[in-house]
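The listed protein sequences correspond, in order, to chains A and B.
Letter by letter, the first sequence follows residues 1 to 416 of the numbering used here.
Letter by letter, the second sequence follows residues 1 to 187 of the numbering used here.
Mixed in with the good hints there might be a few duds.
Per the computed footprint, the stretches of chain B lying under chain A, defined by three or more beta-carbons under 8 Å from a beta-carbon of chain A, are [stated by the list, open to error]:
1) 76–82
2) 125–137
3) 163–171
Anything over 12 Å on all C-beta distances counts as not near chain B; from chain A, calculated [as the list claims (entries may be wrong)]:
4) E78
5) Y98
6) H132
7) V202
8) G264
9) A292
10) K304
Hints in this document: simulated from the structure, not taken from any laboratory.
Treat the numbers as computed from the prediction; the structure is a model and nothing was measured.
Backbone N, C-alpha and C fix where the C-beta goes; we use that ideal spot for every residue, glycine too.
These are the residues of each chain, in order.
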Amino acid sequence: MISLLLYTGLVPGAGKQLVACSVFNASRIDKVLAATNKDWNNRETRILFLPASADKYGRVYFGYQVDEGFQNVGGMNEQGLWYDGASLPARSDIENHYNKPRLKGELCEKALEECSTVDEVIDLYSEYYTPHWQGHSMWADRNGNSVIIEFGEKDVVFIRKEQGFQVMTNYYVSDPENSRWYNCHRFRAISEILSKADNYSVEVMTEALDASHKEGLTPTLFSNVYDLREGEIYIYHFHQYEEVLRLNLAYELDKGDQYLELPGLFHGLKTLAPGKEQLIDNVNIEFKWSGAPGTYELYCSEDKAFLNEAPVSSVSLPEQDADLLGFPYLVILGVLTGISIRVKKRLPHMLLLGMLIFSGCAGCSKLFLSPQHSESIPCSVMLDELKAGTTYYWKVVALGEQGINSESRVRRFTTI
Amino acid sequence: MICMCFLSFGTLLFSQGQGDRGLLLGFNASSFTGSEILNEKSAYLPGMCIGFFQEFNLGPGLAIGPEISFTSKGSRIQTVGDLYLHQVVTYLEVPVLLSWILNPGQKCRGFLSAGPSFGLMLLAFNEVGFPEDIERFDMGVELGAGVRWQKLRLRFHINQGFLDLDKSDSSGSIRNRTLSFTLALSF
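Chain B on its own, in the form it takes in the complex:
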């Protein structure tokens, strides 16, 4: 449904020729946060994302744009002794970001971005198996900053989940947190 909405939305605005669009590739580091996650037991897990973005100009220096990407998240979790479990959760993620361009008209432009993010869990796995007690839907907020130079965009952003991912009987809550470094190419 998220894909359908996005595609419909994108198609509508593409046809009006008002936006910038392209592909994005990112590397990230994810971890779980929450009341039951001890900092010393949870560490960042490297991952990546690949996707597509569409942006629409709202006015001078202001733009809004949805993205759709396959993103891997998760956490490296200490279990017993020096053993770690690498819990990977893959999502189809759709952030909708409002971007404020700091110096419009320049060749190299800095920008800030913020907006909600929606995720649909595709697959979760670790060394032992495929955990089933993970919520399918995730929602959070994304904040970022970056630079644009010609057709390239370089962005650093943080995505903090709001929803508890844990469906098991265990007490406490678990949320996603992802730090990403994204390179996008518009065409």
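Isolated chain A (complex conformation):
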């Protein structure tokens, strides 16, 4: 049974290590968007949908599978209330200085279950004490209100949004005295993109996510953009912003309880040709992409939104033969071991052997993370007799096993 360890935005081991995350939201009159990059080294990323029950709103949580169960790090409810967390350096001075009442569960869980606005969340956090402050959380609602909640010197503090957007990474936003020292490049990159944007859109938010994503030992494992008014969630896996999974919260909640493995919903989809905004001197176009084994549908239309468009082609990519890459590796390893045993000057061979063993171990360990797509198969489809002098939009949709499809970003090309 899934145990819901509801968090306050942080990953296990917080206090031992500082895990980076970038969280932000932006709103204009007609749009309220929120986004996050979750950076860590646990590839067991999950999505949990919990439909509405007595006195509790339906909601979705994103998080990780850990030894204790599911640990959420962010989510949204059906009222368009969203939150996400980012870790902060560990403190040992956090106490219930004002003897506030405590709850059995987590405050963020209660807030997502019972609140629909940022003001209600602020009231809840003002009333109750929670000891879980290894990080801070950002909350936003469908009205465009937003607040960052942190533990200050003696009590929780609220930092409300003062401009069209609000950003937080991994330092205390409520510390005004030392702001001159806080020069986080992820914070700056996001702020710069949002402050220059004329309109906020999923594309702008994705650009900010891409600009602030992390690679290396604790890479960005997944990224989300939430449309709080429409209840739409756009999900990217392992900072691959080419492939997006779009979920509608109301639609998914209608299916009942769901606990989804996030990596399994993606297909490693990459569009190859026609290139971005390419001019093509031909009306016969070859579309190329690559992805994991599965079924793909190609859409090509003059309408960017592909409204009422049927796929122009459907392709199934079969499973390939078993991976034989390990075989030559084992042969080399065996030969070298034999030589090392027989030849007197063993040192060079032993060194090489050691390097091979190390590279093998590193490849198998969690040290260097990579997306969980075993293979990427190239695919192409020819479309004949497109109209000359026309701008077309195209995308590829990968059909998922659970009725959840991922798709490529929409590309554009023009025929001459």
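Knowing the structure of chain A, use the given hints to seat chain B on it.
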């Protein structure tokens, strides 16, 4: 430019064979001082320096010498609650020190030193990132005292910056202060 001047100056006097030269290694403790820095919020940050010195005899018991060293400075700054930010600022530093030897001719000689110090900021960093609102150039005064024994020199000195390091919009000023303990070996 500072390096070029120093090297030219050193080369000129080396060739005349009038000076003593060597390597130095030091451990220091640095902190920020200034109108906006509250004493209870700022604490000393340990660091080190490594460099080269050249000294020229001006007369009995009197010498002048520039040094060039890579020095780490900064401060440990309290942020929220019991959290501290370790702000490290590294410099290429050139103090030019006038030394007065208290008991010349003895095997173990005490000395006092004083002079201006010039610094070029190389890199500033902390747990969050790389602050950019820090002045590249720093200038201050250095006062010290120590002993010389054969080829070894042991020196304790204090370096107080004059210039405001803070280029941000924040009001107030921030200056470096460094207490150092240096061991030098002449050759």
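Status of each hint after checking the structure:
Chain A is given as covering the stretch 76–82 of chain B, and this holds because 5 residues of the stretch bring a CB closer than 8 Å to a CB of that chain, at least three being needed. With 8 residues bearing a CB less than 8 Å from a CB of chain A, the stretch 125–137 of chain B meets the requirement of three and the coverage assertion stands. Counting residues of the stretch 163–171 of chain B whose beta-carbon sits less than 8 Å from any beta-carbon of chain A gives 3, enough to reach three: the coverage restraint holds. The non-interface label for E78/A is consistent with chain B: the shortest C-beta to C-beta separation is roughly 35 Å, beyond 12 Å.
Distance to chain B confirms Y98/A as a non-interface residue, since its nearest Cβ pair spans about 15 Å, more than 12 Å. Its beta-carbon lying about 15 Å from the closest one in chain B, H132/A satisfies the requirement of being farther than 12 Å from that chain. Every C-beta of chain B lies more than 12 Å from that of V202/A, the closest at about 28 Å, which supports listing it as non-interface. For G264/A, the shortest C-beta to C-beta distance to chain B comes to about 35 Å, beyond the 12 Å cut-off, and the non-interface label holds.
With a least CB separation of 37 Å from chain B, A292/A remains clear of the 12 Å interface cut-off, as annotated. Listed as a non-interface residue, K304/A keeps its Cβ farther than 12 Å from every Cβ of chain B; the least gap is roughly 38 Å.
Checked against the numbered hints given earlier, this structure breaks none of them.
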